[in-house]
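**Student:** Each chain is listed here by its residues.
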Amino acid sequence: MSPMKLCVPGDKLCSTEDCIPGTGVYLRHGYIYSSLAGYVLRKNEGEELPVISVVRETETQLLPDVGAIVTCKVTSINPRFAKVHILYVGSTPLKDRFRGTIRKEDVRATEKDKVETYKSFRPGDIVLAKVISLGDVQSNYLLTTAENELGVVVAHSEAGAQMVPISWCEMQCPRTHAKEFRKVARVQPEYLQA
Amino acid sequence: MPTDNKRVRRPEVSQSPSVFACRPAAVLPAAGPRADGRRRDQVDVRPVFVRCGLVSQAKGSAYIEAGNSKLMCCVYGPRETDRKDETDMKCGRLITDMRFAPFSCPERGSWIQGSEEKDLSLMLQESLRPAVCLHRYPRSQVEVNVMVLENSGSVLSHAITCASLALADAGIEMYDLVLGCSIRQDGASYMVDPTYLEENGCSSGSEDNQGRLTVAFLPSLNQISGLQSDGEMAEETLTAGVRTCIEGCYKLYPVIQQALAKATRKAAPPPSES
Amino acid sequence: MAAGFKTAEPLEYHRSFLKENCRPDGRELAEFRTTTLNIGSISTADGSALVKVGNTTVICGIKAELTNPTVEAPSKGYIVPNVDLPPLCSSRFRPGPPGEQAQAASQFIADVIESSDVIQTEDLCIERGKLCWVLYCDIMCLDYDGNLLDACIIALLAALKNTQLPEVTIKPEACTPEVNLEKRNGLLIHKHPVGTSFCVFDNSILIVDPTAEEEGLSSAHFTVVTDEGDRLCSVHKPGGTALSGEKLQECISRATARQREIQKLIDKVIQSVKAAE
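Residue numbers (UniProt numbering), protein chains in the order written: chain A, 1 to 194; chain B, 1 to 274; chain C, 1 to 277.
Hints are computed from structural coordinates only; laboratory data are not their basis.
It is possible that part of the hints are untrue.
Claimed, not checked - Pair ranges (Cβ atoms, derived): (1) A:Ser139 <-> B:Glu232: 49 to 57 Å; (2) B:Gln258 <-> A:Arg186: 21 to 29 Å; (3) A:Lys112 <-> B:Asp119: 22 to 30 Å; (4) C:Thr36 <-> A:Lys12: 48 to 56 Å; (5) B:Ser18 <-> A:Gly30: 41 to 49 Å; (6) C:Glu215 <-> B:Glu232: 50 to 58 Å; (7) C:Ser115 <-> A:Ile132: 57 to 65 Å; (8) B:Gln258 <-> C:Pro238: 40 to 48 Å; (9) C:Arg94 <-> A:Ser139: 19 to 27 Å; (10) B:Arg9 <-> A:Lys12: 53 to 61 Å; (11) C:Glu127 <-> B:Gln258: 49 to 57 Å; (12) A:Glu105 <-> B:Lys90: 22 to 30 Å.
In this text the structure is predicted, and so the values were computed from the model without any measurement.
We put the CB at the ideal spot given by N, CA and C, even for glycine.
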């Protein structure tokens with residue numbers, strides 16, 4: 001195997017007749033150019049032409065996008081919404097904190113009008129959520145947990161111990177056996193490492 | 001004078017010892033070789049030393065040394081924009097800040113950012129912006145901080161080169177690298193990549209065509225993204241100067257490419273081809 | 001898993017290492033990061049030094065200017081230290097006037113200079129009541145990864161040792177100073193203060209030379225400054241959890257050992273700079 005080719009922004013990689021542009025590249029006058037400093041990667045994905053991309057270490061996805069699954073930490077709650085810090089996009093950690101909001105009506109899919117935020121999240125909880133909108137001028141990223149796989153994954157009880165989930169809406173403290181309400185996520189094995 | 005209660009108290013006035021020096025101020029010679037041995041009227045840029053990825057806290061960073069000029073640049077972000085308006089929803093923001101360390105110039109600089117630094121920051125931003133794919137970073141800002149550690153001339157052009165390296169090191173998507181080069185026009189002759197003395201020294205020669213020119217250039221796209229000229233120059237002199245600067249940029253290009261490739265290789269081994 | 005644990009529960013993550021008497025970066029509790037020094041690299045300054053303690057990078061440049069001594073202290077010059085934490089060095093600092101941490105660090109350095117007698121301000125006097133030197137010691141952080149104060153003191157000390165002041169003569173008839181920039185003399189360094197910073201975890205575990213992350217998670221941090229005669233120049237403990245006397249004694253003896261290492265390092269680098277000239 002030959003060593004992989006390195007490129008820097010502005011390098012002309014190939015013509016659009018030879019490859020389909022992937023990530024880390026841009027098109028100009030019928031040619032594909034690199035927009036990153038990284039390795040040139042050609043991939044055959046069953047199509048006629050290979051897909052050409054430029055890849056760097058891990059930071060391929062830098063910003064939360066609509067539809068992305070994010071891991072966040074709850075910073076504050078009020079009756080209408082919970083405020084969170086987005087820590088991960090997929091399994092990629094973000095270097096800078098982005099703020100997000102989970103509105104009351106986006107906490108769960110059923111009985112939306114009966115949702116109470118303080119029975120769903122507490123500050124400090126680690127929550128899996130999905131980005132539904134980038135928000136407008138006033139608001140932050142809007143997130144939802146209205147899926148079985150989304151919701152609280154790590155939470156601490158009032159006694160300070162890490163709680164174990166006992167149902168989709170309750171968690172229990174192993175020390176005091178007190179039960180607390182949460183919108184619990186059914187964790188999928190693929191997200192276990194994140 | 002208002003007291004600065006955020007810093008340690010200093011005497012109200014102090015003067016640089018060079019004011020009292022018995023030696024007369026140096027005058028730029030009108031002809032002949034330059035003080036550092038380079039030739040006039042030749043695209044004789046100082047050899048540069050560049051490194052990427054030195055600052056652990058930054059997303060991307062670069063250090064450049066050309067002669068005695070030493071500059072450092074750090075890139076942070078993309079992070080959430082502090083103030084938002086409608087345009088930020090579609091397009092990211094590029095924020096630049098260029099500063100001189102107080103000890104970087106022959107005369108001690110102030111702690112507070114002066115108007116020269118603000119001008120340079122703006123010029124830096126305008127030169128970099130056409131090269132950065134800002135539409136890929138909606139709602140976010142990319143911050144570029146440049147610190148001049150030692151000013152030995154042509155700091156703006158080196159700041160442009162250094163900042164584009166740091167942006168590439170940070171993995172910010174760009175259409176091309178941006179390289180900077182400047183000249184000092186002194187009558188009929190010119191000096192490429194002038195030193196501090198050549199930049200600021202008054203010439204003993206003719207009065208016409210005295211000026212400075214800095215060009216920011218996208219080498220692969222063959223476009224000029226920034227141009228700043230001050231002084232007085234005839235039209236032909238200026239166009240010839242721009243051409244000279246572009247030639248200077250092409251001399252830097254392979255060095256910058258190699259430095260970036262080296263940093264990329266060091267940051268991560270090639271991913272497996274699967 | 002490790003990365004996720006680290007982001008979600010940073011304190012627990014550090015505790016799990018401290019329990020095993022080590023730290024996430026592989027150091028022992030009382031181990032410093034590699035310290036490197038570069039002296040005299042800035043030719044526009046009268047003296048300069050660049051210090052790296054692990055990732056933390058600090059540069060100090062000294063510029064000397066002439067001024068009049070105050071009426072209260074006619075035979076004393078000035079030393080004006082300033083610690084700058086520009087937004088370049090970490091995303092935690094914003095542009096603008098110096099923040100709280102930078103102000104506190106500047107004041108701390110000023111206190112160390114005064115209490116340690118590193119330079120006697122009388123040495124900076126040129127003519128009593130008329131003319132003296134002011135040394136502007138600008139210390140700038142270029143990469144902030146914790147333990148700023150230790151790095152600042154080393155940078156300052158090394159830059160002071162590198163400082164060469166031009167010779168000044170006063171013409172008696174004209175009463176104006178005349179400066180000979182070619183003829184320069186070094187400063188007289190009386191003492192060599194060196195700082196050692198510690199962090200406290202869970203009221204009992206002490207670690208030395210903390211990183212930025214460790215500083216943020218610890219319950220207290222403090223700095224001990226000693227000189228070559230094992231004299232205590234300064235103990236700086238801004239709040240945090242209480243500390244027992246024995247622990248403090250332990251820290252002081254660790255600090256005196258560190259002082260020797262650093263002084264040796266500075267001497268070695270100065271020797272090599274001289275040899276290269």
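**Student:** Can you let me know if the beta-carbon spacing of Lys112 of chain A and Asp119 of chain B is within 22 to 30 Å?
**Tutor:** At 55 Å between Cβs, range violated.
**Student:** Tell me if the beta carbons of Ser139 of chain A and Glu232 of chain B are separated by a distance inside 49 to 57 Å.
**Tutor:** With Cβ atoms ~53 Å apart, the hint holds.
**Student:** Does the beta carbon distance between Gln258 of chain B and Pro238 of chain C stay inside 40 to 48 Å, or does it fall outside?
**Tutor:** About 47 Å separates the Cβ atoms of Gln258 of chain B and Pro238 of chain C, which means 40 to 48 Å holds.
**Student:** Do the beta carbons of Glu127 of chain C and Gln258 of chain B sit within 49 to 57 Å of each other?
**Tutor:** 55 Å Cβ-Cβ, so the 49 to 57 Å window holds.
**Student:** Using the Cβ atoms, figure out if Arg9 of chain B sits within 53 to 61 Å of Lys12 of chain A.
**Tutor:** Because 59 Å falls inside the window, the suggested range holds.
**Student:** Could you see if the CB distance from Glu105 of chain A to Lys90 of chain B stays within 22 to 30 Å?
**Tutor:** holds, 27 Å
**Student:** Please check whether Gln258 of chain B and Arg186 of chain A have a Cβ separation lying inside 21 to 29 Å.
**Tutor:** violated, 51 Å
**Student:** Holds or violated: the 50 to 58 Å window for the beta-carbon distance between Glu215 of chain C and Glu232 of chain B?
**Tutor:** At 54 Å between Cβs, range holds.
**Student:** Starting from the range 19 to 27 Å, see whether the pair Arg94 of chain C and Ser139 of chain A falls in it by beta-carbon distance.
**Tutor:** With Cβ atoms ~23 Å apart, the hint holds.
**Student:** Taking the Cβ atom of Ser115 of chain C and the Cβ atom of Ile132 of chain A, is their distance within the range 57 to 65 Å?
**Tutor:** With a Cβ separation near 59 Å, Ser115 of chain C and Ile132 of chain A satisfy 57 to 65 Å, so the hint holds.
**Student:** Is the gap between the beta carbons of Ser18 of chain B and Gly30 of chain A within 41 to 49 Å?
**Tutor:** violated, 59 Å
**Student:** Between Thr36 of chain C and Lys12 of chain A, does the C-beta distance stay in 48 to 56 Å?
**Tutor:** violated, 41 Å
The earlier numbered hints that this structure contradicts are 2, 3, 4 and 5.
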